[in-house]
Each structure stands twice: as C-alpha cells, then as structure tokens.
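Visitor: As a plain string of letters, each chain reads:
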Amino acid sequence: MSHWTVDALETDLDRFHLGPVDLDLAPGTATAILGTSGAGKTTLLRTLAGFLAPSAGRILRDGVDVGRYPPEERRLGYVPQGLGLFPHRTVAGNIRYPIELRTRDDPRPRVRELLARFRLAPLADRYPARLSGGELQRVALARALAADPELIVWDEPWQALDVLARYELGLVLHELREEEHLPVVVVTHDPALAFSIADSFVVLRGGRVLEQGDPASLLRAPSDAFVARFVGFDNVYETAELVAGAAGGLRAWLLTLAGPEGAAVPCPTLPPAASASPGWDGKVRSARPGPEGLRVEVVCDELLVTLRVPPPVTTPLPALGTRVRFGIDPASVQPLGAPRRREGGS
Amino acid sequence: MSADGGRAPPPSPRRRWPTGSLWLALQLVLAGSLVLLFLVPIVALFTYAPLSGIYYAADNAAVRAAIWLTLFASGISVLAAVVFGIPLGYLLARRAFRGRAVVESFVALPVVVPHLLVGLGLFLVLAIPGTLPYRFIQAIGFPVYDTIWGVVLVMVFVSAPYTVLASELSFQAVDARVVEAARSLGAGGATAFLTVTLPLALRGIVAGLLLSWARAVSEIGGLLILAYAVYPGGPYNGPVTSTVSVYIYNLFQNGDLADAASVSSLFLLIAFVLFLAVRLGERTGWLPWRRGELAP
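These protein sequence lines are chains A and B, in that order.
Numbered by the numbering used here, the letters in the first sequence go through residues 1 to 346 in order.
Numbered by the numbering used here, the letters in the second sequence go through residues 1001 to 1296 in order.
It is worth saying that the hints were derived from the structure and are not from the lab.
Glycine included, C-beta positions come from ideal geometry on N, C-alpha and C.
Derived Cβ-Cβ restraints for the label pairs, each shown as a range:
#1 Ala53(A) <-> Glu1104(B): 26 to 36 Å
#2 Val299(A) <-> Glu1104(B): 57 to 67 Å
#3 Ala1173(B) <-> Gly232(A): 31 to 41 Å
#4 Arg130(A) <-> Ala1277(B): 20 to 30 Å
With the rest of the complex left out, here is chain B (with noise of 0.2 Å):
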C-alpha cells in the first residue's frame, strides 16, 4: 500500500497534554473567566449610576466628608503600618528567637478573623465606661467610641498584616550576603540597614502596604460596632460622619440605590486613580525601588 511497505506508524506518547494554541487558549479561557468576575460589579456600578449622579456625589458635602475621612483614617493606619508594621516584619525575616512561630500566627489572626468579632472584642475591652484599659485611653486622650481613632485602631487591626507579612517576605528575600559586604564595607548595622535592606525590599513593601490601604479603606464590620459614626475630635474636626464604607451601607438600608452606586462609583475611581500612580511611578523609575531591574 504505502510507500514504506506498510511500516507501523511510531508509537504514540501515552498521554496527550495541550500544546501551541490549544494551551494558550486554555490559559486565555481560565485567566479571563476570574478576570470577568471581578468586572462584573465595576460594570454593574458604572451602568447603574450615570456620570451626572458621579458628580453630584462628588458635590456633595456629605460625601466629601466620608471620603474625606476615609482617605484621612486609612492614611494615618497606613502611616502606623510603615512605623510598627515593618519593624515587625524586619525581626521576624531576621532573628531567630523563641515563640517565633507564636508571634507569626498572631500576625495571621486578624486576616483570618471576621472583623465583626475584631470590632466586638475592641469594643468591650475599650468602649465600655469604668474599664482600666477606657479609663486609660480617655486619661491619654485616645477615645475611640465613636471617633476617629477608632476608626484608625480597627483599620490598623485588620490591614496591618499585610504589611507586616509583606516585609517580612521581602526582607527574607533580600541576599544576606549582600548586607555582609555593605558591612564590611564600612556600614554599620543601620547604616546597611537604610541603604542596602531597606532600598531592595522596598517594593514588595509597597506592595504590602497597598493592600493595607485597600484592606483599610474597604473596613466595615468592626466599624458598623466601634465607630458606626464618627464625631469631630482628636484629628478630624469636620462635621459628623461616618466612612465610605458605612455611608454606602446606610444609602443602601434606606433605599437610596442610585445614590449607592453613585458614591461607590465615585470612591472606586479615586482608589483606581492612587493605584495606578504608584504602577506608573514604578514603571517609569520615578519611584525609586525597581531601579537596576528596569534600567540599563
């Protein structure tokens, strides 16, 4: 018949997985799918609330106290998270000590606890008159029943983490030998620390500390119980309100759709705007930490 006198055709691979195209396509259909999933709100929000209510919300001084206060509480936990939060994150990449794994897990047990809970236990231990631990808050001049550090004490609570977990992998990552060199270099310990450690891990930091910020900003269940509306004091001296998050929640309760999704809308532009500049500062290098990775 054939050429080849009918040789057998050679043997066949036993298992066949995708190739070319078909692997490609496959990757395309299961990346796109969660891809999708995650437009499906943004898009039901933007359809539902039409440009006009976007700007109205912007116009409006209740909502731009909200917002106000949100961006001003989630900066100052950030800003806490930078202070304590990477210090923690240095010592557990770092040192080894006793009770490591201890301290480790605690770090964890804000990200796996529901914040109601969180809100709850501050709430009993710091909110109830006649406790040692009010007495002392108030003596110091940190209320937090229904104020702004109230607000900060459980942004900081459930977005700290990530940036503690987030430096603690960066740090790690960081070639140990590297800093032996700056060392004997002539750097001392903190020396090497600032202008070796710090500026290498500092991206995935970063990283960190933009979850902590989205984390921090996107609260609301510890704050439906310490701090449902916030009352001028401490920092913010504006008028009473409450943070993005609860005030939707209230639109929402009331009826108000349209107005919901107007502010949601308004709230999600501005967090996609903070986002996308630190990607572009990255990209472009005007942001210091991926210089010698992007440069020539």
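Excised from the complex, chain A in its bound form (with noise of 0.2 Å):
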C-alpha cells in the first residue's frame, strides 16, 4: 500500500485561499479534516483527488508528485458528498463500473466477492433510488475498492445517516484500516464522529489550518476559543470575558490560569472532587438527564458552567434557581494560545 504525503499544498479558488497543508497519510490511518461549513475541507479533498489545480506544494504518492496527475490516475478512492453513485447503474452496475474501466477481463467475480462482503448481494439488480441511507453508504465503499485505490478520501461520510447507520459505517471504515490497509481521510464537521476513527486531525478554519496533531494532543491544549468548542469543550471562556470580573470571583481566578486566548474547562463534576479548587457557588440554570450522566448549567459570577454529575445518578434534579456549590481542579483548566507547556511536563 502507498504512504501518501502532502508537502505545503496551497490551492486558490476564486477568492478562497486555502492552505499551506500538510499531511502524512501512512497507510492503515486515518485522519479528521475537521472545520465547520466553509473551512476549506471539501476544497482540499477536490484537490487531492484531482479535480482542483493546486496553486503550491505537492502531493506524493510513494515520493512520485502526483499533484498534476487527472483524476482518473491518481488511484484514489474519492467518495464525494452525496456519495456520487450513478442513478442510472443498479447496484452492481456501479460496483462493476471502475472494473469495465481498468480490465477487459470479466468483473463479475470481483463483483460478486465485494457484494458478498458488503451485504449487497441481495439488493445487486436495485437502483440506488430504491437503497436506503446505510445501503447507499456501502455501494459507494464496495465501487470506490473496486478501483484497487491506494487511498480512500471521503467526504461527510456519516452525512444524513440514522445512528444504526452510523455505528456501522464506522466498523466498515476500522475494517477498511486493518484488513486492506489503507490510509483514509474523512472530512466531518462533526468531531464526536471523528474522535471515533481517526489517528490524527486537522482543524480547517477559512482555509487555513488552525490546529493538526492526534486525538490527545488536540484536547489537551486546544489553540483558541473556536478549537476548544468544536472539540468538545463545554466550557470556553475568551478572555475579554474573563478580564471584567472583579477580584476574587470566578472569572479573576480563572484569569490566573487563562493563556493569551482564554481557558478552556472540561465539565467539573459534582460532587466535587478532592483536587477542586475551593469551591464556587452557581445558581441552577438547566438539568437534565443524558447517557453519559446528568450535566447542569450554573451561572457564576455571570459565567456559564456546565457541570456533570456521573452515572449512577442517585440524587435527585437539582431544582432550578437553586444554589449548588461546585469546584474546578487548577490543573484541568487549558490555557487557549499558550505554547503546548504540558505537553513535556517541563
């Protein structure tokens, strides 16, 4: 299998400037180009697969510059929004399609191995009109493997897919990893489903990558306030915020510990735990119940904080407009724009 790698690739389109990107893609990895609409993720996967000129840098496969290849001899599997299946083709006429193209030896083996292993053999002689969500999912999987690509770029893949769907899209995308060995990149808006596959991300923002690493890395100390959102945090607070807040009250305390950008703070949980700093008080805004436990909004000192009771929950609601009191640990609060400090521990 090919080890891709995307050295400083830039692309103009029109006004849109994206870029300078870079991307190891090893193969049996898979990597998130995250970044809400506009970010420039589609961009990227079009140039990669051919279908935009890049403007600088290049892409090698194996070290050979493929960046002014057409698409059709990049040998990669593009599986753009909407998944691009013909309508015109039934099921097996779209799987056999890329094998017509390359050989002149009979597909219908081939055809018939991806159907068995993709659970499609039953609906071979329907039309995608006829498919539903996570069927079309795999007959796009099942065609873009019957061009043999050397690396697998999906766009939006867990798109208007129902949550059965989606679990099962993300086996097939682990199996693809392991058994074929291929490098994948999924581009997602969605970071809950990235987190869920991928070995490394890339956050877009207005063409321009904002932040690149692996999962760790990128919750551990997110570069500014947007990172810390899209990633998960529920807690962000930008430093003009904090800067208003009178001494001794939660938003001076978190100052102290703020980077240039603001801080991020995972959800304190109550009861509080040992290592909490002494204890705030916040008055109940919201509670409500949720699989990973009970979370609660409190505003103090005119913050928003949500906070998160762990299953078992035994208590009861906290009834709104009540006071519970609540403690963060120093050590969990991320400095938004500082250099990296704990990631050597120095």
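Can you join these two chains into the complex? Each is in its own frame, and there are hints to help.
Guide: This is how it looks when you write it as structure tokens:
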C-alpha cells in the first residue's frame, strides 16, 4: 500500500485561499479533516482528488508527485458528498463500473466478492433510488474499492445517516484500515464522529490550518476558543470575558490560569472532586439527564458553567434557581493560545 | 340558548382559499379549457376529412413525395441538432467563458425572430447569384435555393435552438459530483461524458430533439422564401415537390379545402404515432434513459 504525503499544499479558488496544508497519510491510518462549513475541507479533498489544481505544494504518492495527474490516474478512491452513485446503474452496475474501465477480464467474480463482503448481494439489481442511507454508503465504498485505490478520501461520510448506520459505518471504516491497510481521509464537521475513527486531525478555518495532531494533543491543548468549542469543551471562556471580573470571583481566578486567548475547562463534576479548588457557588439554570449522567448548567460570576454528575445518578435533579457548590481542578484548566506547556511536562 | 351558554363561534380565518373538491374542480376547469382548445383544430380537421379522404391522400404519389421530403429533411435537421446542438448545450452548461450571455442570446434568437425574416436573410446571403457566399456553397455542392439543402438549412435554423436549450438544462441538472466520482474511479473526461453525463441528461435531450423535430416539420415561413418548391438534387431524387406545410398551404390557396384537411389529418396521424412510440418506449424501459427512475 502506498504512503501519501501532502507537502505545503495550497489552492486558490476564486477569492478563497486554502493552505498551506501538510499531511502524512501512512497505510492503515485515518486522518480527519475537521471544520465548520466554508472552512475549506471540500476544497482540500477536491485538490487531493485532482479536481482543483494546487497553486503551490506537492501531493506525493510513495515519493512521486501526483499533483498534476488527472483524477483518473491518481489511484485515489474519492467519495464525494452525497456519495456520487450512478442513478442509472444498478448496485452491481455501479460496482462493475471501475472494473470495466480498468481491465478486459470478466468483472463478475470481483463484483460478486464485493457484493458479498458488503452484504449487498440481495440488492444487486436495485437502483440507488430504492436504497436506504446505510445501503448507499456500502455501495459507495464497495465501488471505491473496486477501483483498487491506494487512498480513500471521503467527504462527510456520516451525512444523513441514522444512529445505527453511523455505528455500522464506523466498523466498516475500521475494517478498511485494518484489513485493506489503506490510508483513509474523512472530512466532517462533527468532532465526536471523527474521534471515533481518526488517528490524527487537521482543524481548518477560513482555509487555514488552525490545529493539527493526534486526538490527545488536540484535547490537551486546543489553540483557541474556536478549536476548544469545536472539539467538545463545554466551558470555554475568552480572555475578554474574564478580564471584566472582580477580584476574588471565578472570572479573576480563571484569568490567572488562562492563556492569551482564554481558558477551556472540562466539565467539573458534582459532587466536587477532592483536588478541586476552593469551591464556587452556582445558580442552577438547567439540568437534564443523558447517557453520560446528568448535565447541570449553573451561572457563577456571570459565567455559564456546565457541570456533570457521573452515572449512576442517585441524587434527585437539582431544582432550577437553587444554589449548588462546585469546584474546578486548576490542573484541568486548559490555557488557550499558549504554547503547549504541559506536553513536555517542563 | 345553546348548550355551551352562547359561546362565540371560533374566529374564522381571514382568507378562505378553496379546498378539497372545490380546489380540484378549479384545477380541472382551468387545465381542461386549454386541452379543449388544443383539441378543437384537430377534431375539426378529422371531421372535415373523411377517412376515405385520408386514405386517398396516403395513396397519392404527390402527397407521398411531400411527406417523404418533409420526414427526410426534418430527419437530417434533427441529426444536425444532435451533432452540433448537443455539444453547444454542453458547452453552455459546463464551461464558464467570456461572452456566454451573448452566445445564449444568439441561441434563443431563432425562436423569437419571425421566420419569414429568417428565410429572407438566408435568401439574401445564399441565393443571389454572384455573391461570395453563393459562389462558395455552389462550389462545395450545397446549393440552397429550391433544394433539399435549403429546406434543411431553414429547418435547422428554426429548430436546433430547442435541442441546445434542452441539452443545456439537462446537462446542468446532472450532479457534477457523480461525474467527479466517475473520473476518480478511472474514467477519462470523454469516457465519463459518454458513460455518465450523457446517459443522465439523455431524457431531457430527447425531449428537446422531439421539440426540434416538431418545429422542423411545422416550418413554413422561411420555406416560402428559400425553398418553396424542391427540385431533385443532393440526397433527394424524387419528383419536384414541396414540404407538407407548403403543400397544404398550396391546396388551401387553390380552394381544395377537403384535400388540405385530408393531407393535414394524414400528417397529423404520422406525427402522433411517432411521438407516441417514443413515449411508450420510455415508459417500458425499452429506450434506456429513464432506467433507475422506473425500475426496482
């Protein structure tokens, strides 16, 4: 399997500029490109797939620059948003398409194998218009593999899937990495889904790479408030909010721990942990149960703080407007915009 | 008085639009009126022309020559629309270039210009001996004045825009991501066009071709000037004749109302059968371009 490297890649599209982007796509790894709408995720994928010409940088497949190759010569399985299935071909016809293009051999054995592997055999003669979301995903993947790609590039794989189909897709993507040993690149705006499969991340915003690394480092030290919220921190405070606080209050205390861009705080638990700091009083604004326990939102020193009661939840829901006492472990507060001070432990 | 103690009725909505059966009736009346209007001349023709008249028209050599010429020339003009019109529609749909709006206006022009003007314009350029374009088309063997080439030229001019516009819309409607997926799976540009883009756009294109054909066979204005009579020459080697439209016009001018109605009815039948065949072919999936919409 090929090792792909993206080296200082830049793309200009009308007035939008993407890059520079660096990626290392080793066989069997999954990389998630994260970002909100308009961040440049799809532009990056379309550049990789050969539909947009890079304005600078290189795309290397085992050291060979394929950045100027036409899409059909890149050996890259591109699954666009909406999957791009051929509506005028049956399931089997879709899967047969790349095989017919590549060889004069009888395509049927390979089609049968892929149909069986993705549990599509009973649907072989159906047209895409008559399939469910999960079935369509499997057809798209089977068709991409039929072309014997060296890299799978998938735009929004989880789009419009129900919970079960999402779970199933996660399994299939894992299988792709482990059995086919293919590098996989997925684009998504949902960090939770990305965390479920990816080894590394690129967070894009306005065409720029904001953050890049493995999930642990991304969670340990998000670079700014946007990234922190994006990767799932509930309590993110920008410096401007904190400087307004009076001495002795929560805001002033957080300011002492914050970086230049502010601070991100993982949900403090209720009742407070032993390592938690002095103890703050918050007025309950909402409380709702969920699979991860109870989420309680309180207002303290004009900051909205989300707290968590881990399961099993034995205490009753706190009443709205009542006061609860919570603590924040100073070591858990992530300064934003600072160099990653905790990474080396120095 | 009432059991609920004279409570006021619920306030009625400010506006009441027709609902249910009233709404359906309104639609039926409006749509039905138009269909009725379409039917009037057709019914009139068939009532005026007895079946025997239609039969005799079909048996008449002169009528058959006119019908043959019309079908032949319109066939060539549809072929020209395929060869030149579909690529133009594709270009307009998929490529951004300077002056595209101007090209699009020119494409729509033949639809809005009175067709006598088209005939006159073509006559002035191509049918007056001595001019450079006249000498050129004579030299390459495509004389247009009173020849089948003249008929084809006028027909292409007035009918090809329907194919261009229909192809443009159909190509625009093809999801570009589906085509990109094909490219990524190993199809070159031309292969992706032939295996994905064209099949997906085909239904709309065929509708445009049918319109083009209908427009071509019904043309008369331009033909009255450029090819009123058609002499044998080029691919046509039958007797001297004219297109069906001109032929019927002549019968009418001579006061042969019954004959005019008979020939009209006969031609109407032929056109109807052709249209019906295409529609049935689509429905049954025998013609390929609706597969995936109808099938399992």
